[in-house]
Amino acid sequence: MPKMVEIVSEPTIKRVEIIRTYEAVGTAQGPLRTLQLAGGELYWSRHVLWHLFVRDFVAGFRQKLLGYLWIVLMPLTGIASFVFMEMTGILNPGSTEIPYPIFVFIGTTVWGTFVAAITTVASGLINNADLVMRTNIPKIGLAVTGLASIAYNLLINLAVLVLLMGLFGRLPSIWAIFYPLAVLPIVVLGAGVGLILSVIGAVARDLTSMLVTLINLVMYITPVVYTAQFSNPWLQLIVRWNPLTYLVDTPRALFVAGRVPSPTGFALSTSLVLFTLWGGIHAFYLIKDKVAERL
Amino acid sequence: MGERAIRAEGLSKKFGLTLRQSMKYGLHDVARKLLGRRNGDDVLRTGEFWAVDDVNFELRSGQALGIMGVNGSGKTTLLRILNGVYAPDRGRVQIRGRVGALIAAGAGFAPMLSGRENVYINGSLLGLTTKEIKGLMDEIVAFSELGDFIDLPVKNYSSGMYVRLGFAVAALSRPDVLLMDEVLAVGDLNFQKKCFDQILQLKRSGTAIVLVSHSPGAIWSVCDRGLFMDHGRAIVEGGVEDVVRAYDDQNSRNAVAADQQFSQAAANSGELQLGASIAEAQAGAKVGTGDVVCTDFRIVRSESEARVDELDFREPFFVEVDVTIMKPIDDFILRVVADAMHYRNIVTLDNYEQGCPIGRIEPGQYRFRIDVTDQNFRPGAYIFNVAVVSRKIGVHLFLWLKCARIVVRNPRRYFLYSDPMAVVFFGATYSHVRLESSS
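Chains as they are written, first to last, in the working numbering: chain L, 1 to 295; chain Y, 296 to 734.
Next comes chain L alone, as it looks inside the complex (with noise of 0.2 Å):
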């Protein structure tokens, strides 16, 4: 039998002054206008961005053996290749001043990080697609989303790096505090790609794929696994031209050592990452009102 409800309790809502238009735009927008739509969306729509984390973290965890474990595990598992390859001598990475297991710990973490970030972004739009099409959160905020994940994680792996560090009977720097925000480029530099794919890929699929297939080859010019430097002058200058070096390098030098392998190289690099956010955000903006009835 149903039960009997009264419903007498006062609405606890707040009215909010909204007015929404939605109209055909014949111009593009400008620039700075896409800048702060995104700002005022992402504000806007803060609440549901943390429920949309904590569904995704938890429903990702429920019905596992490991639980939670599983984010201390991954990482570990990770390194366990490169670690055997460098101690059966298959892998010369190059001489490095600090223990290979956490120079390849810190290094695979933060490309990671980054790949991890572009593919999140990128398909947030199609994952969500469900969200998209029933309900009206920003897109740009369902594209994001899981980014909050990626910070998780890289948090728990930095618990995971002190641990390897002390097994090594090794202190991290003072500036270790600086850690993350040292890793921060390059995961804005990825939610920058993402979010140019996310809009792009939902029209044509496999874009995400070819564009993570071809960063992966670049993984062998960035200073990841081995330190990549190389005999060859002109695999030398790619190297020295690539911005990633920098930002790999930055946090594994800073996290270990204390200091920044070269300041400039990561200023530049880290203002070219500024500028392809906002390229990503100034894209995204420009194509989304064509991607929800392609998805």
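Any given hint might turn out to be false.
[As the list claims (entries may be wrong)] Dumping the calculated EDC-like pairs for lysine to aspartate or glutamate here, alpha-carbon to alpha-carbon at most 20 Å:
| id | chain 1 | residue 1 | chain 2 | residue 2 |
| --- | --- | --- | --- | --- |
| 1 | Y | K622 | Y | E657 |
| 2 | Y | K687 | Y | D626 |
| 3 | Y | K319 | L | D206 |
| 4 | Y | K328 | L | E23 |
Calculated from the structure, these hints are not laboratory results.
Starting from the structure of chain L, add chain Y where the hints point.
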């Protein structure tokens, strides 16, 4: 009259027919946008069509608009534009206040999470803060009648529970504008009644409601005004009853068209088939003994003498049948039988039965006319069959099933909503008295 909640002006949205084309045009559009060119959004390219075409309406708070139309008429697309999912290709729409959308109840439910956790997610999707949802939680649980099940993972919910929870969150969040797509036909009768009550209460407290439904009953009970959509255009904009009438007529036309298409294959020869099977006859072929053939059968409007395929409610008409007789026939009987969409043989016209015996007919060409002065078909689609029999012979000399189809349109004077299956209308007057004077 509340303040204006929605104003739509010239809203249009186009789609491509195939995925491949959609990708091609999509990439083209993307390139154009990135280059900052003015886009040609407002013109159709080959293979594109207007899913929503120049729709205009205004809705004030506390009003409800019902949108009806057959499948593919653009209702859901229109709702999605209102919800900000699709950007219009032409025109604009302005919406005031917080928008709640029930475009399919339970959007965004995560199967692994409990009902309670999902309420937080769903509530935030509707634009509530975490604190506001917390304040509403007890009410939502009570309304959805889920009780302890609220802490069960929603993947274990029945579809009814799923929908009840979704509706409870949307309705109790008290949005300023509520968009609903065919969600009232869910749950058991008791819950449906509760939904209606809640919706009417929302209306009274000033929520503007847009309801898309195929159910005339739901539209009629909730909405003040309506839109009838066909091929993306709002053909009728006005009273709910007019919209329901237009929708019903459209359905009748579609029923006729579908039936016609179905039997086209067999009927296209048009030649008499001697000794054909009953299956062929049912597919629309002419069958018979060869003594007599009907060459044409038409419904003619009494007023204009023109062949028609639609009649007004209770409009008089003629049946005209052209007949070629090959051999003399004694006690000739012409019989016309009508079917409704769901019932066979609901009415017959038989000259002998109605006191007009014809007697013997010699070979030659004849035109028979039946004058129907007081037909009382309810609005809907009807199919005619014609047969020639002789009183002395026990078989059909000629049989032509589905020889004509007509649509009887809804009248302006009556609102015939009560049962779409009913086929006959009786004129009647109504009165009532109270039996015991007081208690």
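Quick rundown of the hints versus the structure:
{"no.": "1", "hint": "Y:K622 / Y:E657", "verdict": "holds (7 Å)"}
{"no.": "2", "hint": "Y:K687 / Y:D626", "verdict": "holds (7 Å)"}
{"no.": "3", "hint": "Y:K319 / L:D206", "verdict": "holds (14 Å)"}
{"no.": "4", "hint": "Y:K328 / L:E23", "verdict": "holds (16 Å)"}
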